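Chemist: Throw the hints in and build the complete structure from the sequences for me.
Residue strings, one per chain:
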Amino acid sequence: MKEEIVIAGFGGQGVLSMGKILAYSGLMEDKEVTWMPSYGPEQRGGTANVTVIVSDERISSPILNMYDTAVVLNQQSLDKFEKMVKPGGVLIYDSYGINTPPTRTDIKIYRIEATEATIEINNSKAFNMIVLGAYLKVKPVVTIENVLKGLKKTLPERHWHLIPMNEEALKKGATLINE
Amino acid sequence: MNDKVTLMKGNEALAVAAIRYGADGYFGYPITPQSEVLEKLEEEMPWETTGMVVLQAESEVAAINMVYAGASCGKTVLTSTSSPGFSLMQEGMSYMAASEVPALVINVMRGGPGLGTIHPSQADYFQAVKGGGHGDYRLITLAPASVQEMVDFVALGWDLAFKYRAVSMILADGVIGQMMEKVVLPEQRPRHTEEWIRENCPWAVNGRKGMRPKNIITSLELDDDKMEENNHRFQATYREIEKNEQRCELINTDDCDYLIVAFGSMARISQKAMELAAEEGIKVGIARPITLWPFPVDAIRKAAEGVKGILSVELSAGQLIEDIKLATDCNYPVDIFYRLGGNVPAPDEILNALKEKLVNKLG
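In order, the protein sequence lines correspond to chains V and S. Adding 11 to a residue's 1-based position in the first sequence gives its number in the working numbering. Take the second sequence: its letter number 57 is residue 40 in the working numbering, and every next letter is one higher.
The hints are simulated quantities; they were obtained by calculation from the structure and are not laboratory data. You can take every hint at face value.
Here are the simulated DSSO-like cross-link-like pairs (lysine-lysine), alpha carbons at most 30 Å apart as the crow flies:
hint : chain 1 : residue 1 : chain 2 : residue 2
1    : S       : LYS23     : V       : LYS163
2    : V       : LYS94     : V       : LYS148
3    : V       : LYS13     : V       : LYS94
4    : S       : LYS344    : S       : LYS285
5    : V       : LYS97     : S       : LYS340
6    : S       : LYS340    : V       : LYS91
7    : V       : LYS13     : S       : LYS(-13)
8    : V       : LYS13     : S       : LYS266
9    : V       : LYS119    : V       : LYS136
10   : S       : LYS146    : S       : LYS285
11   : V       : LYS160    : S       : LYS(-13)
12   : S       : LYS23     : V       : LYS160
13   : V       : LYS94     : S       : LYS340
14   : S       : LYS(-13)  : V       : LYS150
15   : V       : LYS163    : S       : LYS(-13)
Just so you know, these numbers come straight off a predicted model, no measurement behind them.
Modeler: Put into structure tokens, the structure is as follows:
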């Protein structure tokens, strides 16, 4: 198993954190992982992206030009990464603020309404966990159980009471995928 | 899951590795893309556990001179910086080399020249391996290609520095500094005791206690004959290092038609290019210098035997390629592929360059 994924959106949407949680979840499953962020001005509100690779075997390059899956959360990222999905791969995008939807026919495209889902569960901060939940529904590369374990590893103990809320967000995310 | 395995950024791994080695002091000044080294050290607060000093100096010039001072006392000290900061440190580097003190200096390179960009680069290669400061000196230069090697080379760097009374340098780049990977951390080692320093660093300035003649650490020697003698001694040490400490990783080089030579992040990305090439039936091997100085001449020569051509893949405009040509006595066609100014190539760019520059030309 090898999953090469890019997650891209605005700085502040939790793109890097989502990648980090995915990477930690992979670690919990004894898989090889790399997490390569865009760094610099992006952190302060521009566009941000992260490449995460989860694999059963040793990973060569942490930097890629084609991905198994792209999770994109704004128009700029969609424009940039739609063409970088491998044929037969997966593109998941949040519908909010998208004026020009993706057009490729050789990949599987999932349009999710994650921004609206945050309103439904009354928690705007759980946006990235909702997206992660949707992603894992399409590509169950790690189990929800291990995501929660990974979360525990990344969060300081004083925030552990937020884990059930994150679990709820992951489950909500899974419901956004219509096969 | 193995409890000893954790996930860490390369920069954070450097910080933790320094504490675990039993470092006495870190002196540095923040600069992207390696600021996490100082941040992680401050988060870990080793002054409360091992007694290690962590100090943010007023500038890189101050930081390197604090390292010089600590090293002169036989202490296990380090600094870390990125390219513009490393330029500021060159005077101190030259002085430390002339004073024969052991220290560890880390450069997580970014795009230059000048303030340049904050994104990855390898353009400080010449500065590291040919000497960035004045005078005839060399730095033991280690090039990690993974977060695990960021950890391992901290220990290796200091071991070699103390063994040869030389300055070791870890030459990484923004990719290796910023990426997170699995890493196994070593056990905590105790810091060196004063007794250890007296025994192993008899040259150190740490108080005579009436027992021995004065030790003087200086780079100044106005007697030309003595200064020449000093230089001969430095060179003799460098020849020893060249003889004993060349390190190189060879991947699929036994049966390859084309050889890529690349270090650090470029070796990782080239490996993916090698995998893509194999899918097209092109046999590529990789030689990854781990020590940039001493350059692994013997391994590169061996890897090059029987290949049709060599490609230097670097984030600099023709630096590594010079050492490849010297190592192979220009016996093979050597071409180059690079990206500059903070841009990093994707694996397919490297593969396309390999085809265009070597495969299509040499068949």
